[in-house]
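Undergrad: Below, each chain spelled out in residue letters.
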Amino acid sequence: MDFRTRLLQTLRAIAPVLREPGILVVGSEVPNLLEPEARSSLVVSEDVDIAVPVENHAAVKAKLREIRGLERSGEEPSVWLPLERDLIEVNFIGMDARGGRAGETYVLEDDTFPLLVFGHLSLLSAGKTLTIADLSIPLPRPAGLIVEKLLTDRSGEKGDRDLLVALALLLLADAEDLGELESLYVGLAPDLRYSLRSGLSMLSLLEPRSHMPDPTPHRALIARLFARLEATEKDP
Amino acid sequence: MTAILHERARRARERALIRAWEYRQRSYSKGVWYRLRRVLVEAAQAWIIDETDADRLETLGRVPHPVGRELEPPKRIFLLGEEESSMVRHREQVPVRLCSRLLNARSLLLVLHRGAEGASLPDVLNR
Numbered sequence: 001m002d003f004r005t006r007l008l009q010t011l012r013a014i015a016p017v018l019r020e021p022g023i024l025v026v027g028s029e030v031p032n033l034l035e036p037e038a039r040s041s042l043v044v045s046e047d048v049d050i051a052v053p054v055e056n057h058a059a060v061k062a063k064l065r066e067i068r069g070l071e072r073s074g075e076e077p078s079v080w081l082p083l084e085r086d087l088i089e090v091n092f093i094g095m096d097a098r099g100g101r102a103g104e105t106y107v108l109e110d111d112t113f114p115l116l117v118f119g120h121l122s123l124l125s126a127g128k129t130l131t132i133a134d135l136s137i138p139l140p141r142p143a144g145l146i147v148e149k150l151l152t153d154r155s156g157e158k159g160d161r162d163l164l165v166a167l168a169l170l171l172l173a174d175a176e177d178l179g180e181l182e183s184l185y186v187g188l189a190p191d192l193r194y195s196l197r198s199g200l201s202m203l204s205l206l207e208p209r210s211h212m213p214d215p216t217p218h219r220a221l222i223a224r225l226f227a228r229l230e231a232t233e234k235d236p
Numbered sequence: 001m002t003a004i005l006h007e008r009a010r011r012a013r014e015r016a017l018i019r020a021w022e023y024r025q026r027s028y029s030k031g032v033w034y035r036l037r038r039v040l041v042e043a044a045q046a047w048i049i050d051e052t053d054a055d056r057l058e059t060l061g062r063v064p065h066p067v068g069r070e071l072e073p074p075k076r077i078f079l080l081g082e083e084e085s086s087m088v089r090h091r092e093q094v095p096v097r098l099c100s101r102l103l104n105a106r107s108l109l110l111v112l113h114r115g116a117e118g119a120s121l122p123d124v125l126n127r
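These protein sequence lines are chains A and B, in that order.
Going by the working numbering, 106 is the number at position 106 of the first sequence; the sequence numbering is gapless.
Going by the working numbering, 72 is the number at position 72 of the second sequence; the sequence numbering is gapless.
No lab work stands behind these hints, which were simulated from the structure alone.
Bear in mind the structure is a predicted one, so any value in this text is a computation, not a measurement.
All the pointers check out, no bait thrown in.
Under the rule of at most 25 Å between Cα atoms (straight-line distance), these lysine to aspartate or glutamate pairs were calculated in the DMTMM-like manner:
1. K158/A to E22/B
2. K158/A to E75/A
3. K30/B to E230/A
4. K30/B to E233/A
5. K158/A to E7/B
6. K30/B to D153/A
7. K128/A to E37/A
8. K158/A to E89/A
9. K234/A to E176/A
10. K158/A to E14/B
Using the sequences and the accompanying hints, generate a full structural model.
TA: Structural data, given as structure tokens:
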């Protein structure tokens with residue numbers, strides 16, 4: 001069974017959760033889903049991340065019992081593991097964009113459905129809902145996800161793949177997305193802006209990897225984006 | 001049950017502290033890799049050139065980028081437009097990435113992306 005089928009089957013298995021307001025499919029599978037017919041040609045990871053707004057935690061928790069074909073991991077309660085070979089792992093992560101702790105990374109405590117709330121996910125906002133047959137997949141706006149991926153603090157292979165996911169999204173971005181990306185960038189703290197530029201510079205110099213977009217032919221695009229962001233710096 | 005999540009949150013907060021420290025150190029030696037990468041971002045091509053050609057470029061008034069002097073041993077890194085770069089005949093192309101061939105070169109010629117020739121490379125030393 002190909003990866004596309006497994007990804008879509010998994011999203012179908014958690015469809016009751018996806019119907020909850022504010023839920024977003026995030027992470028590395030987003031560019032796969034944004035390919036024509038959700039072709040899913042990028043080989044990133046064999047799991048899918050689901051961002052849960054902390055304000056809707058209780059409603060989402062109530063929907064978990066409707067999930068079929070996956071079960072909660074005993075070791076990591078925010079991870080749901082496939083019971084069948086045609087499904088992939090699901091990681092639930094917390095997103096706090098509006099609360100008093102927005103931008104902070106913390107644990108949302110709960111007896112059965114605790115979540116790690118990632119600070120950078122506060123950059124995400126709801127984008128288009130992808131419809132594939134009977135399945136509705138809520139996606140974030142690309143700009144926030146690009147920023148989130150460029151701010152990766154992972155190193156080595158995983159960090160490189162995060163950056164290549166950002167490239168995959170950049171290649172799909174239109175002028176409006178790039179304008180939004182610039183606005184998000186301007187709103188970041190100085191150390192995060194530096195970190196984002198650092199990520200962009202690393203992306204520009206990455207070696208090609210199989211089943212991932214090759215940065216080499218897009219280096220001029222990255223340089224232009226770099227210059228655009230740099231131009232917003234008042235005190236470089 | 002949440003011990004793993006707390007540990008991951010702790011590591012994330014730790015990385016944020018390191019990031020803030022790196023930002024404060026950016027103008028010092030800690031920031032040199034960023035400055036070198038920043039210069040390489042501008043390059044469509046990278047070429048290793050010999051010392052004679054590097055001397056000649058300096059004689060002709062081309063100033064090596066200051067980031068090269070921050071490295072040990074220092075490098076002379078010239079950024080030129082494609083047309084201007086053709087004045088250097090003895091050169092060996094290397095990929096524009098932090099590979100050993102590029103890092104071991106004493107003198108480098110970086111050819112700017114098309115359209116960037118007229119623009120001045122921003123002073124990235126303090127960014």
